[in-house]
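Participant: Now for the letters of each chain:
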Amino acid sequence: MRSGSYITRPNRTLQIYACVFLVVLYVPVLFIPLFSFNDSIYVRFPLQGFTTNWYVDLMGRDAVWDAMWNSVRVGVCVAVISTVLGVLTARAITRNRIPGQNAVVAFVMLPLVIPGIIFGVALLVLLSRLGIPLSLYTVALGHLIVCMPFSVATLLPRFEGMDGSMEEASADLGENGWWTFWRVTFPIVLPGIVASLLLTFIVSFDEFIMAFFLSSTETTLPIYIWSQLRFPREFPSVLALSSIILTVSFVLVFIALWIGRTGLIEKDHPRPPEAPKS
Amino acid sequence: MTSSNPIISIQSVGKSYGSFRAIKEISLDIEHGEFFSLLGASGCGKTTLLRMLAGFEDVTDGAVLIDGEDMTGVPPFLRPVNMVFQSYAIFPHLNVTDNIGYGLRKQKLPKAQRQEMIDEMLSLVQLDGYGARRANQLSGGQRQRIALARALIMKPKVLLLDEPLGALDKHLREQMQLELRRLQQALGITFVFVTHDQEEALTLSDRIAVMSGGAVLQVDTPAGLYEHPRTREVASFIGHMNFLEARVTGRKNGHATLDVAGLGTLDVPANGAALSTGDRTSIAVRPEKLRLHHSAPENGQRAVQGALKMTTYLGERSHFHVEVPGCDRPLAVSASNATLQDGRANAIGQPVWLTWAADSLIMMNDT
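If you read the sequences in order, they're chains A and L.
Residue numbering for the first sequence follows the numbering used here, starting at 1 and increasing by one per position.
Residue numbering for the second sequence follows the numbering used here, starting at 1 and increasing by one per position.
Extracted from the complex, chain A is given alone in its bound form:
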């Protein structure tokens, strides 16, 4: 217990504030799963009774399965490509002396703060000028831009936390750059790579704006939801689908953060005292 020290002493006011903050943030979201089990097509109180009909109804629709399959395909491709690029970027930033290194990091992170609509419109204009037809490939291209910052932000701390002399030690013991990467660098940053794969997959899976601009007739799941919002009778099904996405997202992000932290916190464990030698 560390509660005794000055810096870790509990602060009642801040605790209450933190609780209020979380409640305000997440209670509106919790209404979605709540109403997805409500036996009425209207979203209003009082609740009418428990039903799983909306979920059963959802499972029977081919369009849902198609959209889901599209989203998974795009998500997996984007996750793999952005993580590979993220590994190369993080490796280069932390190991090589690159001129304008901070600028490189800033440019990679920029898509986080630039509105998706701007990137979406820009890519749409560019692709149509180049005569490239819209497809799931163009959606993936857009998602790649959105996912790169997440990948790099997840991987950079892993590479920064890795002692540079690890790679030197491997070279010293006779391994060239290729073998050093696979025998030392890759296993050490592996938790970061897994976290990056999960995180970029879910970012792509949930992404709407880029997909809205860049998809053709093959839609992803968020676009499907958007298309169903026009029909009031479909609304409970939309809630059911949203609840599923919400759950999957939460679980994946939780796993990603958990894996991403393993190894990083391991360092803090105290070492056992040296065993007596005979």
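In case anyone wonders, no lab produced these hints; they're calculated from the structure.
Glycine included, every Cβ here is placed at the ideal spot set by N, Cα and C.
Restraint ranges, calculated between C-beta atoms of paired labels, are given here:
id, chain 1, residue 1, chain 2, residue 2, range
1, A, SER249, L, THR72, 54 to 62 Å
2, A, LEU246, L, SER139, 41 to 49 Å
3, L, ALA132, A, MET109, 40 to 48 Å
4, A, VAL84, L, LEU78, 24 to 32 Å
5, A, SER135, L, ASP61, 56 to 64 Å
6, L, ARG280, A, ILE98, 47 to 55 Å
Now the stretches of chain L that chain A is said to cover, found in silico as 3 or more residues with beta-carbon under 8 Å:
id, segment
7, 69 to 77
8, 103 to 112
With chain A's structure known, arrange chain L on it following the hints.
Facilitator: Showing chain L alone in chain A's frame:
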């Protein structure tokens, strides 16, 4: 100590970072089976020089030869040397066995033979039975041993050690010093050892190169460095030293006549100094080479009288500061309490006499 085939030959090696000269024209030969130390304060270029031997730093000019072969352009993974890193760099994702066996991949050994070699190394560093442990289950001293075993299993022609004892506490450090010396003597491998700790360098080394500002000041045996430092910088870096202002008044085959502040005219060995009559220099003398007397020595031995300014009792030894007329600074004197000739109270201001052996005065090559 020169031989026709040194294991390492550093030939006019220099290194620049832009306009900054990190290493200035160093030439150095290291012999087979030697325990050679690079000693200097941080930033003197000793680690850079070591990393040049390992191949981690490019050589700007000159060349490094290892066992007669020019290493220019040879990457670290093809050099016949291995290194023990300051941080040990134990691979955190591998257990002790796989850490030690890391470099054996290319040799494609049968599993049993590989395990045998690893076990042999484990017992060499006295960690039998630790093979299954992971890096985070090891103490600092154990990591150090694993790093040693991992490098030694490669049977390197030269083992490079970058301040390997820096992170250990005093007790463990002394224990590891003995062990390093034992290993080096048992294996007969050349060790090149980087340290900023002069005591450690004196204890371990066959020869020491004292470095400062990217240059080698003096290469000598520990006794040679301690007894015959050539410059003030070397003399003050190793042990404690008194310096007295002096002027050369005459020279005669290997000896110089000096007019020394506080001591008068003296005849001393020139210690390789290329100074001529009229040049300013200084004389160095170790505190323990000065003898303290409470009365004027009667046998006609040359002595100088001074006043006691300070005494410090250190148990085994006592330290004194003696103010001598003509010297700008009090002289430090160190004496073993077992041989201190007089039991009288060492009162401040009391007159004392200092005597010295003729060969304890060392002429410096610089002022």
